[in-house]
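Given two chains presented individually in distinct reference frames, assemble the corresponding complex, making use of the accompanying hints.
Going line by line, the protein sequences match chains P and L. Position one of the first sequence corresponds to residue 57 (the numbering used here), numbered consecutively onward. Position one of the second sequence corresponds to residue 23 (the numbering used here), numbered consecutively onward.
Simulated from the structure, these hints should not be mistaken for lab results. Keep in mind the model is a prediction, meaning the values are calculated, not measured. Some hints here could point you the wrong way.
Which bits of chain P does chain L cover? Going by a derived footprint, with three or more residues having C-beta under 8 Å, they are [said to hold, decoys possible]:
1) 124-135
2) 181-190
3) 342-354
Some but not every residue of chain L turned toward chain P, in silico, with C-beta under 8 Å [unchecked claim]:
4) R194
5) W197
6) E221
7) Y222
8) R257
Beta carbons are placed, not taken as given, at the ideal position from N, Cα and C, and that holds for glycine.
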Amino acid sequence: MLSISNISKSYGAIKALDDISFEVASGEIFGLIGPDGAGKTSMFRILATLLLPDQGAAKIAGLDVVRDYKALRHRIGYMPGRFSLYQDLSVAENLEFFAAVFGTSIEANYQLIAPIYDQLKPFKDRRAGALSGGMKQKLALCCALIHKPDLLLLDEPGTGVDPVSRKEFWDMLRDLRDGGLTILVSTPYMDEAALCDRVALLQNGRIMAMDTPEKITAAFSRPIFAARSADMYRLIQDLRAMPGVADCYAFGEFAHAVLDDRSLKSSDLLQYLQECGHTEVQVKNAEANIEDCFIELMKKETTHG
Amino acid sequence: MDKVIVCENLSKHFGPFKAVDDISFEVKRGEIFGFLGANGAGKTTALKMLTGLIMPTSGRAEVAGFDVRQNPEAVKRRIGYMSQKFSLYEDLTVRENIRLFGGIYGLKRAVILEKTAALLSALELENAADQRVSALPLGWRQKLSFSVALLHEPQIVFLDEPTSGVDPLTRRRFWELIYATAEQGVTIMVTTHYMDEAEYCGRVSMMVDGRIAALDTPHLLKKQFDAADMDEVFRKIARPDDKQKTLKSGKK
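Pulled out of the complex, with its shape left as it was, chain L reads as follows (with noise of 0.2 Å):
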């Protein structure tokens, strides 16, 4: 089975403060790979090290065939990353995105040309082609700002909360198109604080202080912590001292 991330024993230390504490997992080609964590539990120092933003402080990690610490721009050029608060320049039009994008992709000309129109075709936008982003509806720019992230054809795109505050249709709708991008091959790495869309993953990681405390498919992690949805899994792990205040406290 191809392996598109391969995470072995990988850390990173600030300080005395262990961000993230000997991590190993791996992730297989069109997977949908669901990384979740309360705040501080070190999603975001482990996601860093994987997109080669930052070097670990021991173990390795390969990401698309590339080591992180030795290649982090090979890594790079291979990745998408997309998330809710930085993805598209508001003031430029769709199209302008489109062609920046590409561009800092290292994509030609002709080849930007291309993917513009068969991008604008596919997601009907040939009508705002011109229009600014910010007068876009938020779903539109939402699947908009996905496409962009997949327009050098990565083998993995990295989606960091892609869904906060979007409506429910919209959100469904957009992982729909997550699902049909995985179809095609291209993994997918996604954080949530919507426990519904840990179900649509393949496998869920759970980050607890810097370490994974647990990592299976949604089906097999209820049946391991005797849960009845994702929601009562997260709390089993990440508060598992005082569970039976907050199964209390829950729904109803």
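Pulled out of the complex, with its shape left as it was, chain P reads as follows (with noise of 0.2 Å):
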């Protein structure tokens, strides 16, 4: 569905995408995984043919984002990642309008957003602007689906966006995607990566990898302990400091140990900690996440380059 080989952008001396290359197939949902300034946004600008790329190539449904970029535009729909609706008309005419540039109707199209904007039309007279977070995010999504694209392109959908409000919206983009449609989204949220079919993980314009989210955690090349104790803030400085350990940072309520000493076992750890003078102390083995796998990617790139 979607094929970028080799685009690079630089805006004077910053890039912002350096050598990106990958595919996207039919039917998958794609995820650009990064913090701000990694690149996810000139990435969609090309994608939406909005911007050229220095170099490289981009294909979606076999046509060319530059050379095609008229045709292109009725088959993908964009998100940007600033609310881009017009705040003083209302929802129903929001959707209205955005039909009527494409040349389509919203009843023509009605079944593709029914299960999202059944939920916004107690509020079809109100004015965009006046929704909430969550509702205006819901109202941008039926608006870039409405003249039935094959991509969909959805920059940093949830940002700023609650916790509950963004697992709403990931079930509805597992919907559509369950009902064939393909979509590329891009999140600062690293545990929304988990949720993706496929992800890239994106730091300063480069890709540090690239797989399904399991291969990339299972992919993590050293043991990891998970511990806490009454006084996390000390627990990490002391964990740093003992001998085998090669880095502390906190997880939630644990924080993760990462070894480079593959014979300590978390009975060591305990011992330690307990030596520290810490109290309810507790360790145990853990899993890498993704982002532990982000911080180990974005030390190795720093220390080659």
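Next comes the structure, spelled out in structure tokens:
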């Protein structure tokens, strides 16, 4: 469905995208995971035919993003990161407008948006600017879908949206995917990687890793222990100072200690922490999550370049 | 125990809409207090009242020893504020930003010079002092912005989604900075959409429809709501009706 080869884009001295290549299959949710400044928005703007790449090429459904931009615009649904609907039009007016611009009607494709739009119906006469964050996000999704695109481009749909509304939004995306739509979505929330079929971890315009989320976390090379005590701030400092521990960061109520020394056991960490004067100490084996992987890959990139 | 925020039956109505509806809580000196809630739950309105930017409809709040209604300016002088969206002037240099905010807070020139030197050395930014803020990596900008919010030695610092969009390493380093600051006795009021960060707070309040629906340590909240993590606590509080549905669609 989507094929990107060797795309680069610079703004002056800053390389926003540095030789990016990947492919997205039909009916797949592909996630671009990375922090602000990683290059996510530049990638979306190129695919939405709004920005020209310096190098490389991208094709969507066989159409080139530069040469065939006019035809392509009917095939993609683009939801930019910043809320970009008309704030002083109502919910229904916004939807009608986007349908009209694409030469279709709400009725023609209503089936596609029905499960989402039904939730907005009670507010259909409200101005879009007066909607809550979660509702705005749902309306923007409807407007991006109203011309029945083949590929949905969602640039950080979850930013600034609370965790519950984000979960609901992801449920909708998975339903759309199950209906056959292909979705490229970006997010700075790393835990959302687990909800994608495949992901690319993006940092400073480069892809650090690309695979299914399960395979990325399975490829984490070193053992991890999760530890907690009554004083987490000191626990992190103490574990960093422990011989054999490469790194230690907070992960929710536990801290993850990444080990260089594979012979260390959880009992060794327990004893060490107790000797440091910690109370209520708990240590257990842990699996790497996507953030562990991101941190490890980031550190590798820094040492190499 | 030192209380730096005392909030009693605080309400803010916009016409018939009760944005904040009768909330009461206290925050102690040096505490890291998480202020959570869904979009539109009333967090921002509550924070605006506590920072003296809007007047309550009813109830009272005392922040850093001053009443927000009677002495909003005294409150403002004793608090710091940082958000991800607006913090520093990007086309001023690091040094210029420190001087500007020092001046706004009414610090004397000699104090500003002294603070500038101390801050640049603490953040290891001596070599970047005359660079524009826009040229700094996000992580540095964020630390600088936090330090600038602390320039006038406030008793409380309000952090509004300070880590939104930041990489996982920088996010964790930032929280270590928060911990270190709280250890010095500065009170931290923080909002976040990252639920792992809710675990790093001493206590957490959850707002739903203008009210505080729950307030406790993360540990006790998890116990109270029979939840594995704060994410689940949040879901159970924010959407009690479709508990089953959201649980089913949760992780894996």
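Hint check:
{"no.": "1", "hint": "124-135", "result": "violated (count 0)"}
{"no.": "2", "hint": "181-190", "result": "holds (count 3)"}
{"no.": "3", "hint": "342-354", "result": "holds (count 4)"}
{"no.": "4", "hint": "R194", "result": "5 Å, holds"}
{"no.": "5", "hint": "W197", "result": "6 Å, holds"}
{"no.": "6", "hint": "E221", "result": "4 Å, holds"}
{"no.": "7", "hint": "Y222", "result": "6 Å, holds"}
{"no.": "8", "hint": "R257", "result": "6 Å, holds"}
Comparing the model with each numbered hint stated earlier shows that hint 1 is the single one that does not hold.
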